[in-house]
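J.: What follows is the residue order along each chain.
There are 6 protein chains.
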Amino acid sequence: MGLTHTDEGGKARMVDVTEKSVTERVAVAKGRVLMKKNTLSLVLANELKKGDVLGVARIAGIMAAKKTSELIPLCHPISITGIDVEFKTIKRPPAIDIIATARIASKTGVEMEALTAVSVSALTIYDMCKAVDKEMTLTDIRLEKKTGGKSGVFIRKRATVGSRKRA
Amino acid sequence: MGLTHTDEGGKARMVDVTEKSVTERVAVAKGRVLMKKNTLSLVLANELKKGDVLGVARIAGIMAAKKTSELIPLCHPISITGIDVEFKTIKRPPAIDIIATARIASKTGVEMEALTAVSVSALTIYDMCKAVDKEMTLTDIRLEKKTGGKSGVFIRKRATVGSRKRA
Amino acid sequence: MGLTHTDEGGKARMVDVTEKSVTERVAVAKGRVLMKKNTLSLVLANELKKGDVLGVARIAGIMAAKKTSELIPLCHPISITGIDVEFKTIKRPPAIDIIATARIASKTGVEMEALTAVSVSALTIYDMCKAVDKEMTLTDIRLEKKTGGKSGVFIRKRATVGSRKRA
Amino acid sequence: MGLTHTDEGGKARMVDVTEKSVTERVAVAKGRVLMKKNTLSLVLANELKKGDVLGVARIAGIMAAKKTSELIPLCHPISITGIDVEFKTIKRPPAIDIIATARIASKTGVEMEALTAVSVSALTIYDMCKAVDKEMTLTDIRLEKKTGGKSGVFIRKRATVGSRKRA
Amino acid sequence: MGLTHTDEGGKARMVDVTEKSVTERVAVAKGRVLMKKNTLSLVLANELKKGDVLGVARIAGIMAAKKTSELIPLCHPISITGIDVEFKTIKRPPAIDIIATARIASKTGVEMEALTAVSVSALTIYDMCKAVDKEMTLTDIRLEKKTGGKSGVFIRKRATVGSRKRA
Amino acid sequence: MGLTHTDEGGKARMVDVTEKSVTERVAVAKGRVLMKKNTLSLVLANELKKGDVLGVARIAGIMAAKKTSELIPLCHPISITGIDVEFKTIKRPPAIDIIATARIASKTGVEMEALTAVSVSALTIYDMCKAVDKEMTLTDIRLEKKTGGKSGVFIRKRATVGSRKRA
Chain A
26 MGLTHTDEGG KARMVDVTEK SVTERVAVAK GRVLMKKNTL SLVLANELKK
76 GDVLGVARIA GIMAAKKTSE LIPLCHPISI TGIDVEFKTI KRPPAIDIIA
126 TARIASKTGV EMEALTAVSV SALTIYDMCK AVDKEMTLTD IRLEKKTGGK
176 SGVFIRKRAT VGSRKRA
Chain B
26 MGLTHTDEGG KARMVDVTEK SVTERVAVAK GRVLMKKNTL SLVLANELKK
76 GDVLGVARIA GIMAAKKTSE LIPLCHPISI TGIDVEFKTI KRPPAIDIIA
126 TARIASKTGV EMEALTAVSV SALTIYDMCK AVDKEMTLTD IRLEKKTGGK
176 SGVFIRKRAT VGSRKRA
Chain C
26 MGLTHTDEGG KARMVDVTEK SVTERVAVAK GRVLMKKNTL SLVLANELKK
76 GDVLGVARIA GIMAAKKTSE LIPLCHPISI TGIDVEFKTI KRPPAIDIIA
126 TARIASKTGV EMEALTAVSV SALTIYDMCK AVDKEMTLTD IRLEKKTGGK
176 SGVFIRKRAT VGSRKRA
Chain D
26 MGLTHTDEGG KARMVDVTEK SVTERVAVAK GRVLMKKNTL SLVLANELKK
76 GDVLGVARIA GIMAAKKTSE LIPLCHPISI TGIDVEFKTI KRPPAIDIIA
126 TARIASKTGV EMEALTAVSV SALTIYDMCK AVDKEMTLTD IRLEKKTGGK
176 SGVFIRKRAT VGSRKRA
Chain E
26 MGLTHTDEGG KARMVDVTEK SVTERVAVAK GRVLMKKNTL SLVLANELKK
76 GDVLGVARIA GIMAAKKTSE LIPLCHPISI TGIDVEFKTI KRPPAIDIIA
126 TARIASKTGV EMEALTAVSV SALTIYDMCK AVDKEMTLTD IRLEKKTGGK
176 SGVFIRKRAT VGSRKRA
Chain F
26 MGLTHTDEGG KARMVDVTEK SVTERVAVAK GRVLMKKNTL SLVLANELKK
76 GDVLGVARIA GIMAAKKTSE LIPLCHPISI TGIDVEFKTI KRPPAIDIIA
126 TARIASKTGV EMEALTAVSV SALTIYDMCK AVDKEMTLTD IRLEKKTGGK
176 SGVFIRKRAT VGSRKRA
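Quick mapping for you: the protein sequence lines, in order, are chains A, B, C, D, E and F. Letter by letter, the first sequence follows residues 26 to 192 of my numbering. Letter by letter, the second sequence follows residues 26 to 192 of my numbering. Letter by letter, the third sequence follows residues 26 to 192 of my numbering. Letter by letter, the fourth sequence follows residues 26 to 192 of my numbering. Letter by letter, the fifth sequence follows residues 26 to 192 of my numbering. Letter by letter, the sixth sequence follows residues 26 to 192 of my numbering.
No lab work stands behind these hints: they were computed from the structure. There could be a bad hint or two in this list.
For identical chains, the list gives no copy identity; a pair is met inside one copy or between any two copies.
[What the hints assert, rightly or not] DSS-like mimics (lysine-lysine), calculated; alpha carbons at most 25 angstroms apart, straight line:
1. Lys61 / Lys182
2. Lys159 / Lys61
3. Lys62 / Lys182
4. Lys175 / Lys61
5. Lys113 / Lys182
6. Lys175 / Lys159
7. Lys132 / Lys159
8. Lys62 / Lys113
9. Lys92 / Lys45
10. Lys159 / Lys45
11. Lys182 / Lys159
12. Lys62 / Lys170
13. Lys170 / Lys92
14. Lys170 / Lys113
15. Lys170 / Lys182
16. Lys170 / Lys45
17. Lys170 / Lys61
18. Lys61 / Lys116
19. Lys159 / Lys113
20. Lys62 / Lys116
21. Lys170 / Lys159
22. Lys132 / Lys45
23. Lys175 / Lys132
24. Lys159 / Lys62
Excised from the complex, chain A in its bound form (with noise of 0.2 angstroms):
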């Protein structure tokens, strides 16, 4: 099987999803941002105080799925009917996982809404500490799950494959 974005001479392409039939679909992505401990620390007495760092991130995540059709040359404009982003965090590695799930009925999938929302969130988190920890790295952002559409349901096998092969 070849790429589909791209013709037979290579060129990019939309790929034409006149004829598709609209189906429900849903996408689950996940993302990680490693953090020192201290900025980790720094990330949770924000929110004991009822502070805004993961709240940024959320609405950020949120409105940058619906963005996506803008960001990424090639993605179908769609109007997404749902999306949600949760964050979840991590001791050991230092770190905040973040979880973004996308759903639409459409011709296309929600896949780089649902990647796009993660990987935006993690800027903002980054953005909103960087004063304090320019290291921080976003890492294992990936798809976790893909039901709908022609294609039918996708589930990562092995949910650290990433991160475990490098280290």
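Let chain A serve as the given structure and place chains B, C, D, E and F on it in line with the hints.
T.: Relative to chain A, chains B, C, D, E and F alone:
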């Protein structure tokens, strides 16, 4: 030192940079897209026939750098004067590395612009190859270097610390 | 009944409308720009010589309606099928009233589109007249009517309640 | 004095500010969202449990300030260097007040940025509470203060003049 | 037959398409960038070494098609399902022809999307070559063909009428 | 002299202008929309009754000028300080001429802003009249004049060279 993007009550704020002086600033960020060996072969084959995969990813990164302050809620709008996005093919593990360099003479830095360029280039590679490889992972997105501004020069200590130390 | 745009923990979420049915929806919103008598005279004189003040404000409102989901973080992106913006001159107090009507066949309503159109038209009138009157006030921006959708017809009970109770 | 945003023929134009000098400018704008007592209680309860309603409205206002020149047709694009959005709860009448302060060193002022921040924060509060209260009203959106620029300092004479005098 | 985008008073309006039926629609637009012989040689040399000039122009056109309703005030927002941009080198006069094809199943047509793609691709070619040739001219941008919708099939009668009649 | 927007390998890059000096720059661009005689009559009749066709096209051009760097991938983001769009009615051939003048004090020029304003104004005229005339043609879009910057003054040699020489 505390978080600068929240006030004493923990609420979000855009840091006031009105009084800061204009200096020349450069930021370099990197990231990696891990993929199957076969996916990398398809990208390289596309390059061989003058294809567009990496060309589209480069443009996506450059255009995203210009949109950074639209995406990151508390980022100051700035008019970048230069942005480059380069790619390096990695054989083991099969991956494409992305390096973005952003430049400006401004009151605030361009770290977020460089990081946003890397992230959106990576997302675009994912988008263009996802029909053949949904398990691609965006990883090790981080700031490598930064010059200019009051906080001075930052050079990431160990280039591979993110994955190794934390694994 | 509780807030729908936050979850049990009070965190922001975009309401999932994937399962909602598509119905024809209309929303009418109104607003008022209070100004000095002399300012209103200048706007009317501009109208007399085929000027652009209200024409620009109308276009600003129409274009803003199309941008609603970019502005309002948890608003669903929708493709409005109709939007009108009208103006009425009020003599006492000197003011311009703005009425926006938005239409769509969709899973969610167009109240926010109508309200956004009114608000941005009002801001545009302010911008175009601010050199002569910085004390202009945008006021009484509210939903007048809404049809379609599960919650059915809404008609604002007392059109002037906002201002009256307050005075 | 005539309108500056239209030419002698009444046609729209962007005022040419190329020759104007760069000065530090600050603008403060205010606005109010009138709501039912019960709606205000829900917002306050959300605040109590570290909820996101006002946090989302704040971010919406900040991001909208950065988009001002995209929304207001004849507004000059500028790169604001600071923007704050604050909220105050009013008991009688039940309402939330919004205060936005915008800063820049530039050739043109930031009144429209402050007013846009207030308006979009107010629209966001409406959006997040509209399931329980469709009769909310955005009101008294106006410039309170402005410093910098050739026209000098402006301070609104009577803070409540809008509603009172005109009622 | 009168203008549809203005009302009886001549004021702008967005045509209400809520009641129109969804049909499959295709539009083809063309345009030409006239340039010096030497400029065309440089573009062709860039193509030979797998360069990006036309690749960037293609992406610019595709992305602009997705932004059409943001650019053209009374254009309905739609979610295009396909867009292609192709280039043809013309030797005499030295020029690059641009052909864009847009597709959708929608209540309104995609003529403006195809024309916008051609225009922005042409502007991008200008931008990338302007250091060597400021006299380039964008010309003969027009709709060639359109199918779908109530008004049925349109095929431009004389492909070259624009330029010929004028000369 | 070679292309400046591609590197030695032919790859796209944004030209680094960090070191360039700020000078005052002006660019004038022109373009023409050819139409049927009857279409022109309708536009003129609309003007007579204070209609909005050309007013909307003017605003579209002004707003597009502000979006130039979002549309043209390698264009630097700049904050234009002035933009005018004028129209001239041409009787033979029936046409509307568009003249845009952009101004800035900046490190880079405003040619693309002026050309983008002309192009989007022209597309808007097409959109507003397309129900009566699908054969309209956008033509002769080009830079007429440019001052400021290192490359100095440019004045197009023969204003009509585009159409005449090539016919």
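J.: I'd like to know which numbered hints this structure contradicts. Please list them from smallest to largest.
T.: none
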